[in-house]
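We have chain A already, so just place chain B on it with the hints.
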Amino acid sequence: MRIAILGFGSVGQGIARALLAKDLDIIVTGLADSRSGIINPTGIDLAAALARKEEGGPCGDVNISPADVVARADYDLLVEVTPTNVDDGEPALGHIQKALMRRKHVVTSNKGPIALAYPELRDLAAANGVFLRYEATVCGAIPLIHAMQEGIAGNTISRLYGIFNGTCNYILTRMAEDSLTYEQALAEARELGYAEADPTYDVEGIDAGIKLVILANTVLDMQATLKDVERTGITLLTPEALRLAEDQDCTIRLIGEIVPAAGVLRVSPRLIAKTHSLVVEGTLNAVTVETDLAGDLTFIGKGAGSTETASAIIGDLLYIRDRHVQSS
Amino acid sequence: MKLEMRDQPGQLVAALQPISAVGGNIIAVIHQRETPATTEALDVQIVLELPEGRLARLLEMFRAQGVNVVRIGEERLLYECTLIVIGHLMHTDLSDTVDQIDRTGSAEVTELSLAMPAINAPSSARIIIRSTTREEMKKALRILRGVAEQKNLLVIEPLEEA
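One line per chain: the protein sequences are A and B, in this order.
The opening position of the first sequence corresponds to residue 1 in the numbering used here, with each subsequent residue numbered one higher.
The opening position of the second sequence corresponds to residue 1 in the numbering used here, with each subsequent residue numbered one higher.
These are computed hints drawn from the structure, not numbers from a lab.
Treat the hints loosely; a few may be bogus.
[Claimed, not checked] Pairs of lysine-lysine residues, derived as BS3-like cross-links and limited to a Cα-Cα distance of at most 30 Å, are as follows:
(1) K139(B) / K302(A)
(2) K274(A) / K139(B)
(3) K151(B) / K227(A)
(4) K151(B) / K139(B)
(5) K151(B) / K138(B)
(6) K227(A) / K53(A)
[Said to hold, decoys possible] To give a feel for the contact side, a few chain B residues facing chain A, derived at Cβ under 10 Å:
(7) L78
(8) T82
(9) L83
(10) S113
(11) S123
(12) R126
(13) L154
(14) V155
(15) I156
(16) E157
(17) E160
For each residue, glycine too, the CB sits at the ideal point set by N, CA and C.
Only chain A is shown next, with the shape it has when bound in the complex:
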């Protein structure tokens, strides 16, 4: 199978390293970062591209744009792993549409287009007889979407809730463990690369909210936008609040929750028993799905990271290859 990769940051490089390390019979014929691109129908030298990135340079030719790669490269499947834009999903949204219209399958980790335009993209993919998969958009390495679409297909989901943001979970873990203030725990998270310079997206619950919207729209048959998510972040939490929780053998975690029948989507700090299966440490994610046939299922795993997100992307790639790509 021939693929083109759009985005050569942490996730894109993780995919390249995994492809180099494993013999998956996948050839990369197009590659682009924000500044440059490469098109090579016989296969791009990924090791050389990684080396160029490591030296701080562009991955390819500055005269080739991401749009050129989408429009001109010879591939069966587009891997779109550029950073998320929650306002209009661009430029990723346009690239995905263009690839689908070229009858190319698409696999993405980009939350923007899926949260904002899933029904349109799904219909566009169907109309062109190709597949669109997005496992990596929610909870990194945890195959939550796959499990819900395939593994527990036929179940009715009464409630879904859990920890969808590793940055917040790290901050709250540190506040509880060592009585750090919110500011101290955030500074530490930044130092370790768990939080962005502008942490708003994580700590105000926007990232968790977008993931709820994606799950609601793609696997729970709801029609939601970020505005429908009742959202409270963790910025006002105090060490004393965590201590008061601790006195009762509880702790506080930022919980995303969907109750489909009641139309509830909510992200907020919640009191939770320390022995609860969702109380995971550090940057882990954990999600419980309450179903009628399967009972309660809890998924725990790494919600971010280069290799972990690449795992979800590669899972989608092989899913599509094994079912739908005839020639490679």
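Chain B in isolation, oriented as in the chain A frame:
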């Protein structure tokens, strides 16, 4: 709840049967034999838990069995919810916040632990609300959310319902 019934064989069983029929849970049965022999009545005290709204039906069934209920004890507050509230709790009149819940009559704040780290810094409180019914608890939480919004307080609710 204290029950009085005729002292005839099988009466105690007849009195207990309706409790399970309405889905109640018997916590204790206190059987007092030393009542004056001159009366034919037998005193039995039963402590029980009942699902909401089943008391009237239970009393009806007792009447049909010839069981006479002497006295119905106090209903205990069965539902409990622990929350944490963060913000300028004293400046925004904490006793008024508590009072607004207590004023409902069927839910009340039964415990409050307060931490005030510094003057002008937001304080944190853990409060426990108890209520007789789930509906009353929901109502109390709605009131608390409303007050919190007005007073700019952050309410941290439990993940699981009371």
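Against the structure, the hints come out as follows:
| no. | hint | result |
| --- | --- | --- |
| 1 | K139(B) / K302(A) | violated, 38 Å |
| 2 | K274(A) / K139(B) | holds, 27 Å |
| 3 | K151(B) / K227(A) | holds, 23 Å |
| 4 | K151(B) / K139(B) | holds, 18 Å |
| 5 | K151(B) / K138(B) | holds, 20 Å |
| 6 | K227(A) / K53(A) | violated, 38 Å |
| 7 | L78 | violated, 19 Å |
| 8 | T82 | holds, 6 Å |
| 9 | L83 | holds, 7 Å |
| 10 | S113 | holds, 6 Å |
| 11 | S123 | holds, 7 Å |
| 12 | R126 | holds, 4 Å |
| 13 | L154 | holds, 5 Å |
| 14 | V155 | holds, 9 Å |
| 15 | I156 | holds, 5 Å |
| 16 | E157 | holds, 6 Å |
| 17 | E160 | holds, 8 Å |
The structure fails hints 1, 6, 7 (numbered hints given earlier, in ascending order).
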